[in-house]
Structures are given as structure tokens and as C-alpha cells.
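Just so you know, the protein sequences line up as chains A, B and C, in that order. Take the first sequence: its letter number 129 is residue 129 in this note's numbering, and every next letter is one higher. Take the second sequence: its letter number 24 is residue 24 in this note's numbering, and every next letter is one higher. Take the third sequence: its letter number 110 is residue 110 in this note's numbering, and every next letter is one higher.
Do not rely on the hints blindly, as some may be mistaken.
Straight-line Cα separation of at most 30 angstroms, DSSO-like style, residue types lysine-lysine; simulated pairs [stated by the list, open to error]:
no.	chain 1	residue 1	chain 2	residue 2
1	C	K46	B	K91
2	C	K179	C	K114
3	C	K236	C	K93
4	A	K70	B	K32
5	C	K44	C	K236
6	C	K46	C	K314
7	C	K91	C	K356
8	B	K154	C	K91
9	C	K244	B	K154
10	A	K89	B	K32
11	A	K70	B	K94
12	C	K93	A	K70
13	A	K70	B	K153
14	B	K153	C	K92
15	C	K93	B	K153
16	C	K91	C	K121
17	A	K70	C	K114
18	B	K94	C	K172
19	C	K223	B	K153
20	C	K314	C	K92
21	B	K55	A	K89
22	C	K172	C	K121
23	C	K92	C	K172
24	C	K114	B	K91
25	C	K286	C	K121
26	C	K91	B	K153
27	B	K154	C	K93
28	C	K236	C	K114
Simulated from the structure, these hints should not be mistaken for lab results.
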Amino acid sequence: MTIFQRIKNVLFGILVLAAGVVFLLDPSDEAYMIIIAFLTLGLAIRGISDIFFYFTMARHMVGGKVILYKGVVILDFAFLTGTLSNVPKIYILLYLIAIHAFAGAIDVLRAMEARSKVEGPWKLKCFQGVGNILLAVACLVFIRYTNTALIIYSIGLIYSAILRIIDAFRPTAFIVIR
Amino acid sequence: MNYENAELRRHEEDLRVSGSGVLVMGAWQVVKLFMQVFLVSPESFRLEADSTEEKIFYYTIFIGMLLIGALVIMATHAYIGLNAMHAARRKPYKKGYFAFTVFALVVNVLSLASYVNFFTNPESMDTTIASILVDLTVIYIYFTVVNASIRIKKLRAAEQEE
Amino acid sequence: MQLDFHYYATYCAAFLAGYSHEESLEIAYSAQFVDECSRTLLAKLKAPSHAATTQMQLELMDARTDPVGLQDITRIWAAFHFLPRDLHAEKKKCGKRYLDKYRLICGPNGELVKKTVEFAKGRPRQSVGIAMHVLADTWAHANFAGTPSLVINNTNNVFFELFPEGDGFIEKQITFVHKRSVPDDLENSVYTNSLYQSNENSIMNLGHGRAGHLPDYSFVRYKYLPAWGDYGELTKDNPSDYFKAFSQMVYAMKFIRGVEDEFVCNTYDTESVSPHEDRIREIIEKRQLISDDDWKAFGEELSGKTVEEFHLEKYFDEYMETEKKDKSSTFLGKFIRGAIAHKGMVIDEIYRSGNKAAGAAKEKRGLRFRLKKG
Numbered sequence: 001m002t003i004f005q006r007i008k009n010v011l012f013g014i015l016v017l018a019a020g021v022v023f024l025l026d027p028s029d030e031a032y033m034i035i036i037a038f039l040t041l042g043l044a045i046r047g048i049s050d051i052f053f054y055f056t057m058a059r060h061m062v063g064g065k066v067i068l069y070k071g072v073v074i075l076d077f078a079f080l081t082g083t084l085s086n087v088p089k090i091y092i093l094l095y096l097i098a099i100h101a102f103a104g105a106i107d108v109l110r111a112m113e114a115r116s117k118v119e120g121p122w123k124l125k126c127f128q129g130v131g132n133i134l135l136a137v138a139c140l141v142f143i144r145y146t147n148t149a150l151i152i153y154s155i156g157l158i159y160s161a162i163l164r165i166i167d168a169f170r171p172t173a174f175i176v177i178r
Numbered sequence: 001m002n003y004e005n006a007e008l009r010r011h012e013e014d015l016r017v018s019g020s021g022v023l024v025m026g027a028w029q030v031v032k033l034f035m036q037v038f039l040v041s042p043e044s045f046r047l048e049a050d051s052t053e054e055k056i057f058y059y060t061i062f063i064g065m066l067l068i069g070a071l072v073i074m075a076t077h078a079y080i081g082l083n084a085m086h087a088a089r090r091k092p093y094k095k096g097y098f099a100f101t102v103f104a105l106v107v108n109v110l111s112l113a114s115y116v117n118f119f120t121n122p123e124s125m126d127t128t129i130a131s132i133l134v135d136l137t138v139i140y141i142y143f144t145v146v147n148a149s150i151r152i153k154k155l156r157a158a159e160q161e162e
Numbered sequence: 001m002q003l004d005f006h007y008y009a010t011y012c013a014a015f016l017a018g019y020s021h022e023e024s025l026e027i028a029y030s031a032q033f034v035d036e037c038s039r040t041l042l043a044k045l046k047a048p049s050h051a052a053t054t055q056m057q058l059e060l061m062d063a064r065t066d067p068v069g070l071q072d073i074t075r076i077w078a079a080f081h082f083l084p085r086d087l088h089a090e091k092k093k094c095g096k097r098y099l100d101k102y103r104l105i106c107g108p109n110g111e112l113v114k115k116t117v118e119f120a121k122g123r124p125r126q127s128v129g130i131a132m133h134v135l136a137d138t139w140a141h142a143n144f145a146g147t148p149s150l151v152i153n154n155t156n157n158v159f160f161e162l163f164p165e166g167d168g169f170i171e172k173q174i175t176f177v178h179k180r181s182v183p184d185d186l187e188n189s190v191y192t193n194s195l196y197q198s199n200e201n202s203i204m205n206l207g208h209g210r211a212g213h214l215p216d217y218s219f220v221r222y223k224y225l226p227a228w229g230d231y232g233e234l235t236k237d238n239p240s241d242y243f244k245a246f247s248q249m250v251y252a253m254k255f256i257r258g259v260e261d262e263f264v265c266n267t268y269d270t271e272s273v274s275p276h277e278d279r280i281r282e283i284i285e286k287r288q289l290i291s292d293d294d295w296k297a298f299g300e301e302l303s304g305k306t307v308e309e310f311h312l313e314k315y316f317d318e319y320m321e322t323e324k325k326d327k328s329s330t331f332l333g334k335f336i337r338g339a340i341a342h343k344g345m346v347i348d349e350i351y352r353s354g355n356k357a358a359g360a361a362k363e364k365r366g367l368r369f370r371l372k373k374g
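Chain A extracted, bound-state conformation:
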């Protein structure tokens, strides 16, 4: 990780930590809307930048088409997230839990790959991923008790944020061929 990536991760971690705390202390409709809005915006920017990158640069690259497809899927995901603003809170919570669980699964897969192919810390990533999945499952178990599920979800956000900040300060294996 470069120093700027570390700073970016720390700032993002603080943002997610703040979101978790806000969700915990004031689970109002506005809190949901803000989170959905941030998620939509972030995904839309990511999708559009991937698509833009494809048309300006990656279309000349061997295997560049995958970047276009990735961008479109992310953009569609962003728009779909945006349409959730008018649904009951419970469904938004389910949606956010699903994203959390998916991110956790990706973390576990990456940790397993890091363990076998890449030299790098994998235990923290694996722990983070498993933790996210377990929290998502716990949220689902208590989904009928909205407030309990919300507390568990907020704890999950705070947990993710803290681990992200810790990860930003860890030395990372960095293979640059000179």
C-alpha cells in the first residue's frame, strides 16, 4: 500500500466509523437515506470512471473489454441502490446486510488467495471477512426485531471501520520489479 492509499483507507475508515456511530445513536430515516445516497454516489462514480477509462484508454488494451463490463455492472448496481430510497427501512437494512456479507465473502476469498499465491498478511483480512459474514447472519436472524438488527449492523460497520484503519497501518508486501 502506498502512503496515499493508507491515508485514503484511514479517512474512509473514519467515515464508516462515523456512519456506524450515527446509525447506532440516531437510527432515523435520514440516516438510511444518507447511507444509500453515499453508496449510490460512490458506486456511480466508480462505474462511470471505469466506462470512461475503457473508451479513452482500455479499449486499446488486450483484454480491456472486461473493464467496460465491470463499469456497466457497477453503474447498474449504483442506480439500483438509488431506487431503494422509497422502500421501507427493513428492506434497506436487508440490502445493506447483503452488501456487507458479499464484501465479507470477497475478503475471505482474497485472504485465501493471499495465503497461497501472494506474500502478504492474510489473517487480518480473513478475520475481517469472516466477522462481516457472521454479523450479516446475526442481522438476518434478528431481522424481525428491527432495532436489534440495526444495532448489530451498526456494530458491524464500526468493526469493519476499525479493522480497515488497523490494516492501513500494517506493513504490506510490495513487489515492484526494478
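Following the hints, position chains B and C against chain A.
Positioned in the frame of chain A, the structure of chains B and C alone reads:
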């Protein structure tokens, strides 16, 4: 630099990537289907029934149909996607994937006509634009699979003749 | 390329070009020092940081990848390790941003390498060493660019090592892993490379990182699909390229010494090299990670004298103990001035071609490098 089989490699790569794109799109369609039903428009699927047992029965039928639909969507996309990828990598594959792809391409192109009415409703314009974008991409992916398959067949035949 | 070629092979080439044993050692040291002279080392010597000719791992980890940071990275790597082959290369139907990066692709026998060799003529031997490092790297690092770029420097799983058999070659799939602590496994064609990063400007996409150390191994032949190649298949024959690099270095240094009237691209001093061709090819084609001992032995055979091992701090004391006003006349002082001048020349050429990837060279009165001959 050897450009001798460059065109063949390009189309093989296009077929491989588009094949995996079909798989991803299939999975994504299934996810969106469930999200549409349970999150975005759950009230559209509320059933009127006299008793709880009847409700359970109708909901079971409904969920069953939904699962079958999802399975059909996933199976079709997997058939097309996996066979396209195998064709690209010169592994054994089922030639029927081409016919399925052409069919899916035609269906998707024709389905664009349904968007004509949506432009009169400004409230859902953002989601309409998003849907059109995705549908156009799906059409592009299917077209790439068809085009790449045809070109690969011709180029490989020419390669064998040499 | 590695120390074996930049130091020992350069010594051998310098000796064959007519330099004495001591002069050849100076040139060889300077050639290798290009791979050592980082900002960290310059800070330790209290020397100007803009003389840096390389960046260490930790420096790269902290490098910014915003436009200014990218220019800083490109200035070093394009000038000293990935000299562009054709600053006016054309590619159809592409934007300016892509074209700028495409034009930074390194390769031998370009206009810039001619200018590099001509620039070293009449300058101290340290500048000759710098020029030889740059020239040698145009052969080894060909087809990669000295700027972080996914769309130029990426590779995929179409990567095969070629083993001679009869009149042709057999292909073996190369497996790339990302474990720095494990040495490359030559027997099973398992090599380390940098991790795939989809970010265009990631440091992992700098130079030949995605091809691992393969370009730096003189014995290896391989074929792959370069990201910029429109699906064309590129075969890299390192034994042939390294031999040409060696022969061209001899020719270039003869020109610098004044034996040859001009430096013409695509010209190699086969006359001086041919008596030793079998020996050189034997060293180049030997399947080993490091060839220091073999090149050293060859150099000692040529000169009849002991070729001392590369000692990084050989000239440090001289530089640090000299007063500031006299530092430029020390060995490292001359190297530093040579590096700044060469970098300025290359950046200037890149900028004047309309490419802003390396920024612009500043021309200030008094700082433009002018040195007396010798």
C-alpha cells in the same frame, strides 16, 4: 511482432470475456429479479386470499415459480456463457450455444420497444435510463458472442487449410 | 538488466572498445551506479536529490500517482531505464492520453539512444557509464514503458517460455506468482511478477513489473501478448538481444573515444567481438539467475588484471570529505552532473515531441550541464 493470428486471438479473447460477461449478467439478472420482487415492488405481489393456508399455498406457488424462473435464467446464461468460454479456449463445447445466443439477442433487441412508453413518465426516468444502459450492454455482449463465434469459425478453418 | 551485465559486461565492452583497465572500471561502476543512485542514497551523501537515477522499493511505495507524481516517476524511469524508442510513433484512433504513453515504449536503436551516446561524447567517463546503462536497458526492457500504465505494461496468461529444440522451439507455459522471498524457479518456469492492479497509474504497472524479472535474464526466450500490441504475439530472444547490446556498447564506446566517426543505429562492432563470440554467448545462454562470476572471469581474461567486485561506497568518502565548491570534480560529483544533464536532455526531447508525460526540463542559466572534455 507476429500479427499472423492476431485477429483470431482478438476474437477468442472477445468470446472468452463476453462469455464470462454473459455469466455475470445472468447472475445479475437473477439478483435483480429477487430485488425487484422483494425490495422495490413488493406490494405488486401481494395476494388476496381468504385464509392463511390459502395465502401460504399461493405464496409457495409464487416463490416456486420465482425460483424456477431464476433457475431458467441462470441455466440459459450459464449454457451460453460457459460454452462460449470453452469455444474460445478450444475446449469441447456444445454448438447449440450459438443458436441460444442469437435467440437471446433478438429477444433483447425487440424488448427495447417496451421502453417507448416509459419516456413519458419523468419520475422513473433515472431508472429507465439505467435499465436501457444495461439492456444495451447485454445486447452488445450477445452481439460480441455471435460476431466472435462466426469470425473464429472462419479464421480457424482458414488456419487449418494452411 | 542486472549487476552482472551493467557492471561486469560493461567493463568487458569498455576494455574491448579500447579503454584501459582503470578507465573500464570507472565506466562499469558508473553504469551500475545508475541502479543504485536513489534519493535515499543521495540524501545520505547530502547530494542533490534531482540527480536520482532510480527509485527504491520504499520510495516507490510512497510515490504519489497524481499527475505531478507520475511525471516525477516517468522522468527517472524513462530517462535511465526505459528510454523511449520513438517519440513520434503513430497509433490510429486513439486519444492523446493513450498516445503519450504509447510513445514512451522503450526499444533499441531509436533516435533517443543515438542522442544519448552522442551526448556522452566529450564528457567524463561517468557520463559514458550512464549512457551504456541506458543503451543496454533499451535492449533488455524493450516493449515496456517507464511510466505506470496498465494499458501499456500489462500482461496476461498468454506467456510462454521457449526452449530450443531442433530447428524450432518448444513452448512451456510460464506461471507467475507474487512471492518476493521465493527465488524464481528456472526449472519449472515459475517466476515472480507484480500483482495485477486495475488502476491505470498503479506502481505495479510500472515498467516490466508484470513480466517479472524475465527481461533481465540473459538466457531466457519467451513470447507473450503485450497490452499495446493489438493481439500481436511478441517473441523476445534475450540471448540474441543481450549479444547485440554488448556489441553495440563496444561500438558506442569506440565512437565516444573518437575511433568511430559517427554513431549509427543498428550497427554493432562485430569485428572486436567476434573473437570472443562463443565465450560471450556461452555466458549469456547459461541458465542461471546471476552471471557475475562468468562475466568477471571473462573480463579478467581480457585485461589480464583483477576486476574488483562492485563496491557501492567506493567513492563515497571522496565525495563527502571534499568541500562543497570542489564536489563537482569528484567521481560522484561528475556522475551527479552527468545524470542531471542526461535526464534534462531526455525530458527536453520528450517535452518537445509534444508529450507532457515527463513534464518539462527547467533551463536555468548556469545549471545547464557543460563539462570540459576528459
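Results for each hint:
| no. | hint | result |
| --- | --- | --- |
| 1 | C/K46 - B/K91 | violated (61 angstroms) |
| 2 | C/K179 - C/K114 | violated (38 angstroms) |
| 3 | C/K236 - C/K93 | holds (27 angstroms) |
| 4 | A/K70 - B/K32 | holds (16 angstroms) |
| 5 | C/K44 - C/K236 | violated (39 angstroms) |
| 6 | C/K46 - C/K314 | holds (16 angstroms) |
| 7 | C/K91 - C/K356 | holds (17 angstroms) |
| 8 | B/K154 - C/K91 | holds (27 angstroms) |
| 9 | C/K244 - B/K154 | violated (41 angstroms) |
| 10 | A/K89 - B/K32 | holds (19 angstroms) |
| 11 | A/K70 - B/K94 | holds (27 angstroms) |
| 12 | C/K93 - A/K70 | holds (23 angstroms) |
| 13 | A/K70 - B/K153 | holds (28 angstroms) |
| 14 | B/K153 - C/K92 | holds (28 angstroms) |
| 15 | C/K93 - B/K153 | holds (28 angstroms) |
| 16 | C/K91 - C/K121 | violated (34 angstroms) |
| 17 | A/K70 - C/K114 | violated (44 angstroms) |
| 18 | B/K94 - C/K172 | holds (29 angstroms) |
| 19 | C/K223 - B/K153 | holds (25 angstroms) |
| 20 | C/K314 - C/K92 | violated (50 angstroms) |
| 21 | B/K55 - A/K89 | holds (25 angstroms) |
| 22 | C/K172 - C/K121 | violated (44 angstroms) |
| 23 | C/K92 - C/K172 | violated (34 angstroms) |
| 24 | C/K114 - B/K91 | violated (49 angstroms) |
| 25 | C/K286 - C/K121 | violated (34 angstroms) |
| 26 | C/K91 - B/K153 | holds (29 angstroms) |
| 27 | B/K154 - C/K93 | holds (26 angstroms) |
| 28 | C/K236 - C/K114 | holds (22 angstroms) |
Hint check: violations occur at hints 1, 2, 5, 9, 16, 17, 20, 22, 23, 24 and 25; the rest are consistent with the structure.
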